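> In case you want the letters, here they are:
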Amino acid sequence: MDIFSGLISGFSIALTPINLLFAFLGALVGTAIGVLPGLGPAATIALLMPAIYVIDAPVTAIILMAGIFYGSMYGGSTTSILLNLPGEAASVVTCIDGYQMALKGRAGAALGIAAIASFVAGTIGIVGMTLFAPKIAGLAVGFGPPEKFSLAVVGLLMAVTLSGASVVKGLVMLALGLLLASVGLDPISGKTRFSFGVIELQSGFDFVTLAMGVFGLGEIFYGLESAIKTEIVTTKVGQVWPTMKDWVASRMAILRGTLVGFFIGIIPGGGAVISSLVSYAVEKRVSKRPEEFGQGAIEGVAGPEAANNAASSSSFIPLLTLGIPGNASIAMIFAALLIKGITPGPFLIVEHPDVFWGVIASMYIGNVMLLVLNLPLVGLWAQLLRVPFGIMAPVIILFTAIGSYSIQGQAFDIYSLVGFGLFGYLLRKLKFEPGAMVLAFVLGPMVEGSMRQSLLMSGGSFSIFVTRPISLALIGLFAVLAISQSAVTLRKRFRTTT
Amino acid sequence: MNRAEKVSSIVLIAFGLFVAFYSRQYLKLGKMITPGAGFLPYWIGIALAVLGAIWFLNTRLSRSGSGARGEERVAVNAAAEKEALRGRILSKFLPGVLLVILYAWLFEKAGYLVSTALFMVGWQKVVEKEGWRKTAVIAVLCAGCMYTLFSYLLKVYLPTGTWFS
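Protein chains in written order, with my numbering: chain D, 2 to 499; chain G, 582 to 746.
The set of hints was computed from the structure by calculation and includes no laboratory data. Predicted model only: the values in this text are computed from it and were never measured. Using N, Cα and C, we set each Cβ at its ideal position, and we do this for glycine too. Hints may contain errors.
Here are the computed distance ranges between Cβ atoms for each label pair [unchecked claim]:
id, chain 1, residue 1, chain 2, residue 2, range
1, G, 598, D, 468, 48 to 54 Å
2, D, 474, G, 642, 33 to 39 Å
3, D, 295, G, 583, 29 to 35 Å
4, D, 495, G, 659, 27 to 33 Å
5, G, 598, D, 167, 20 to 26 Å
6, G, 585, D, 246, 48 to 54 Å
7, G, 661, D, 295, 27 to 33 Å
8, D, 6, G, 745, 56 to 62 Å
9, D, 495, G, 661, 34 to 40 Å
10, G, 638, D, 496, 23 to 29 Å
Within a straight-line C-alpha distance of at most 25 Å, the following computed DSS-like cross-link-like pairs (lysine-lysine) qualify [as the list claims (entries may be wrong)]:
id, chain 1, residue 1, chain 2, residue 2
11, D, 192, G, 612
12, G, 690, G, 706
13, D, 192, G, 609
14, D, 246, D, 289
15, D, 105, D, 289
16, G, 690, D, 432
17, G, 663, D, 430
18, D, 430, G, 612
19, G, 736, G, 690
20, D, 285, D, 136
21, D, 105, D, 192
22, D, 493, D, 432
23, G, 587, G, 663
24, D, 285, D, 105
25, G, 663, G, 736
26, G, 587, D, 432
27, D, 246, D, 285
28, G, 736, D, 341
Full structure from sequences and hints, please.
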């Protein structure tokens, strides 16, 4: 199936009333929850994941998840602009100039340009994905266990080294994720690992419970002891459609941000955070008025918002073509696909063309829906920010508890949820980024399975990972990136000490 | 936080060593050509212990590297913040966590409706210190809305309570 006919068939699936409804619901609910302070895309997807169990068709379930992902990304920018409180790391940059614009009475313009930049970048990103994804999937069809192992490990290591946080802490998260994934029945030997006689643990930890606990409940527990008082700048956002002056100032920033975001988003671990930071730096450098950055420059909102949304689109490329999720949010969509009996990877396009093309087509539609939802309803989203923590927190707790119980109908999952919630709280306190752990948890079975298969193929020698050209190239690529990253860090340290 | 990081790194080292020991002793490492169930967990355990040691050293080095100038003023602020944090932990965090644990325990025993209503009442009274009228309205509305969403719209089975059956 060529790209054009694939896309046509994708639209015929995505435009069915039920899929349109779920794309709309995903975008709507994703935005509504993403707007709530402290809940980023990963937490939003985690909270809403139990919904996929009640949907029969895999393509519909994934369309819903993709809609939630996009919606929560949009919602996060509203919180950043009106509250100066980023829902996640990717929105930190939006706070800088977005909040300043809101303070100057230009909240509507900031929210409007953020929505338009997100729409333009998201759409261009999906076009890029439509063109590149089938080609990358074609290349990856020949991957054997050694290549799969190297790809997964390199992907995980890149997610740790490029995240910008402490590498040691990132590696701890990665190791813990792999360890948690190993709990339960070993598929090869049939031995039960780390269950300590608990029957419910024989099938391992449930991904949804883990994600809801670490991201959702952990966030609530942390909120209980934090003294941060959120103060909304204004609930009257005013004119959201940009003026001609705003548009002239932003249009090139949007295009530059889109390009930066698209290419960085393909790299595992690159994603929305780095792309928004790079875009902000680029805009400040090329601007004729760099002194206005930090004081409410509209380019400082348009560029990073375009970048993080283009990155969100392109981060689906490694997921759908290689089976490698690049960040925690995409890892949840990976898990959702697995729950619905679909293994993401190079064979997805051949084995499940309906899912592959249906999801891509639904992204075009979802992006339009988000623009339609966001521009007129931005005032309503702003009102949602007034929901007090005292009501929001117990409702989210109930949501996660009932959600985790609904998966297998056992109270043990609620206990696991509380355990993961406390663990997530500790991670926040100790400044760990749980994203790497979630990624390692979903990739754990693939890492272990492909490693054991590779060792069997090589007669027990690890040299197989460096004697196969693709595997060697992947390891080499990581080495180059890690060395250059270390060089940049060392240079920065040297500059600050001298 | 420095002390918490130090304690956590030591716990991580101990945990890593336990994982490695358990994997080697009970799960078995197998041969290189056919690794056993304990092979990967064993190396993960070793990695966790090594990373814990690096974390511990990093924490020690960062503390010894910090200068003494201005430390007194910082210490006064830190003590005030610590006191405020302790107050929030005692008045909000601990009761909140205990309520969630209680909710998990009651969920199947008392059933969805009773446990959820009790949880909401407990939360509004103990954590948020709200009046009875507001507490009752929020508890009834939340329990009802959640029941409608999960039971009627999402068709999720919600327990009626083993105590009442």
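> Each hint should be assessed against the structure and marked as holding or not.
Hint by hint, here is what the structure shows:
At roughly 34 Å, the beta carbons of residue 598/G and residue 468/D sit outside the given window of 48 to 54 Å. In this structure the hint that residue 474/D and residue 642/G lie 33 to 39 Å apart at CB holds, the actual value being about 37 Å. The hinted range of 29 to 35 Å is satisfied by residue 295/D and residue 583/G, whose Cβ atoms lie roughly 32 Å apart. Taken as a hint, the range 27 to 33 Å holds for the pair residue 495/D and residue 659/G, whose Cβ atoms sit roughly 30 Å apart.
Residue 598/G and residue 167/D have their C-beta atoms about 22 Å apart, which keeps the hinted 20 to 26 Å range intact. Checked against the hint of 48 to 54 Å, the pair residue 585/G and residue 246/D passes, with Cβ atoms roughly 50 Å apart. For the pair residue 661/G and residue 295/D, the beta carbons lie near 30 Å from each other, so the given range of 27 to 33 Å is met. For residue 6/D paired with residue 745/G, a C-beta distance near 58 Å keeps the hint of 56 to 62 Å intact.
For the pair residue 495/D and residue 661/G, the beta carbons lie near 36 Å from each other, so the given range of 34 to 40 Å is met. Separation of residue 638/G from residue 496/D is about 24 Å and conforms to the stated range, judged on CB atoms against 23 to 29 Å. For the hint linking residue 192/D to residue 612/G, the alpha-carbon distance of about 16 Å falls within 25 Å, and the restraint holds. Restraint check for residue 690/G and residue 706/G: satisfied, since their Cα atoms lie roughly 23 Å apart, inside the 25 Å limit.
At most 25 Å may separate the alpha-carbon atoms for a hinted pair to count; residue 192/D and residue 609/G meet this at roughly 10 Å. For the suggested pair residue 246/D and residue 289/D, the alpha carbons sit about 15 Å apart, so the restraint of at most 25 Å is met. With a CA separation close to 21 Å, the supplied pair residue 105/D and residue 289/D stays within the 25 Å bound. Under the criterion of a C-alpha separation no larger than 25 Å, the hint pairing residue 690/G with residue 432/D is inconsistent with the structure, at around 37 Å.
This hinted pair checks out: residue 663/G and residue 430/D have alpha carbons roughly 14 Å apart, not beyond 25 Å. Between the alpha carbons of residue 430/D and residue 612/G the distance comes to roughly 41 Å, so the proposed pair goes past 25 Å and is violated. Between the alpha carbons of residue 736/G and residue 690/G the distance comes to roughly 21 Å, so the proposed pair stays at or under 25 Å and holds. Distance hint between residue 285/D and residue 136/D is unfulfilled; the C-alpha atoms sit about 35 Å from each other, more than 25 Å.
This hinted pair does not check out: residue 105/D and residue 192/D have alpha carbons roughly 63 Å apart, beyond 25 Å. Using a Cα cut-off of 25 Å, the hinted pair residue 493/D and residue 432/D holds, with the two alpha carbons roughly 22 Å apart. With a C-alpha separation of about 18 Å, the suggested pair residue 587/G and residue 663/G falls inside the 25 Å cut-off, and the hint holds. In summary, the hint linking residue 285/D to residue 105/D is supported, as the alpha carbons are separated by about 20 Å, within the 25 Å threshold.
At roughly 46 Å between alpha-carbon atoms, residue 663/G and residue 736/G are farther apart than 25 Å, so this suggested pair is violated. Of the pairs offered as hints, the one joining residue 587/G and residue 432/D holds, with about 13 Å between alpha carbons and a cut-off of 25 Å not exceeded. Taking the CA atoms of residue 246/D and residue 285/D, the gap is about 18 Å. The hint holds against a cut of 25 Å. Annotation: proposed proximity of residue 736/G to residue 341/D holds, straight-line Cα distance about 18 Å (limit 25 Å).
When each numbered hint is compared with the structure, violations occur for hints 1, 16, 18, 20, 21 and 25.
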